[in-house]
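Student: Spelled out from the first residue to the last, the chains are:
There are 2 protein chains.
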Amino acid sequence: MYIVLVYDVSQEENGARRWSRIFKICKKYLTHIQNSVFEGELSKGQLAQLQKELKEYIDKELDSVIIFKSRQEKWLDKEFWGRKDDLTSFIL
Amino acid sequence: MYIVLVYDVSQEENGARRWSRIFKICKKYLTHIQNSVFEGELSKGQLAQLQKELKEYIDKELDSVIIFKSRQEKWLDKEFWGRKDDLTSFIL
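These protein sequences, in sequence, are chains F and G.
Going by the UniProt record's numbering, 78 is the number at position 78 of the first sequence; the sequence numbering is gapless.
Going by the UniProt record's numbering, 81 is the number at position 81 of the second sequence; the sequence numbering is gapless.
I should point out that these hints are in silico values taken from the structure, not numbers from a laboratory.
Remember, predicted model here, so these are calculated numbers, not experimental data.
Take the hints with a grain of salt, since some may be wrong.
[Said to hold, decoys possible] Cross-link-like lysine-lysine pairs, in silico, BS3-like; alpha carbons within 25 Å at most: (1) Lys78/F x Lys24/F; (2) Lys52/G x Lys60/F; (3) Lys24/F x Lys84/G; (4) Lys24/F x Lys24/G; (5) Lys69/F x Lys84/G; (6) Lys52/G x Lys24/F; (7) Lys84/F x Lys69/F; (8) Lys78/F x Lys78/G.
[Said to hold, decoys possible] Taking CB as the label site, the calculated pair distances span: (9) Asn14/G x Glu41/F: 18 to 26 Å; (10) Ser43/G x Glu13/F: 38 to 46 Å; (11) Gly15/G x Arg17/F: 19 to 27 Å; (12) Lys84/F x Glu53/G: 37 to 45 Å; (13) Lys24/G x Gln49/F: 32 to 40 Å.
Ideal Cβ positions, reconstructed from N, Cα and C, are used throughout, including at glycine.
Assemble the whole structure, with the sequences as input and the hints as a guide.
Tutor: Now the structure itself:
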């Protein structure tokens, strides 16, 4: 299925480290399209694995991760208003 | 159609002011679900109007706005991993 993942990691409680961990885990499974936004095609098993890995780092009181799932990518159109690039090289 | 809007506003060139303007415009049309993420049901006309309003403030070199469009909300499942709340009251 086609996944869009957006995350917001609090800066509290060593947030920069959590942000970096979460970024790296997402990058293993998905394509980075905006500062804290990833997308990609995952199987149910891969999504479950991603969730398992992320749950070790997400602070349930402070951080937010939202997953949008569409059975097919074609059901979801995408438009860029403004800058469009892969920021990975600036971040890692 | 059902819209998910995610934005990333650079802190450069008076970014905090742009961020706040963009936030307020999005809030007029959509529901705030995460720091820089909005969702909602819009007509084509409303989406065009939102784009027109945002274009006045988006810096095309610095800022990124991504729009995901689905013809029907039911084609897009949503999951929250971690915190789930409306942050508006903390921001405005």
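Student: For each hint, tell me whether it holds in the structure or not.
Tutor: Going down the list of hints, with the structure as the test:
no. : hint                          : in the structure
1   : Lys78/F x Lys24/F             : holds (24 Å)
2   : Lys52/G x Lys60/F             : violated (37 Å)
3   : Lys24/F x Lys84/G             : holds (22 Å)
4   : Lys24/F x Lys24/G             : violated (31 Å)
5   : Lys69/F x Lys84/G             : holds (17 Å)
6   : Lys52/G x Lys24/F             : violated (35 Å)
7   : Lys84/F x Lys69/F             : holds (22 Å)
8   : Lys78/F x Lys78/G             : holds (17 Å)
9   : Asn14/G x Glu41/F: 18 to 26 Å : violated (38 Å)
10  : Ser43/G x Glu13/F: 38 to 46 Å : holds (42 Å)
11  : Gly15/G x Arg17/F: 19 to 27 Å : holds (24 Å)
12  : Lys84/F x Glu53/G: 37 to 45 Å : violated (20 Å)
13  : Lys24/G x Gln49/F: 32 to 40 Å : holds (39 Å)
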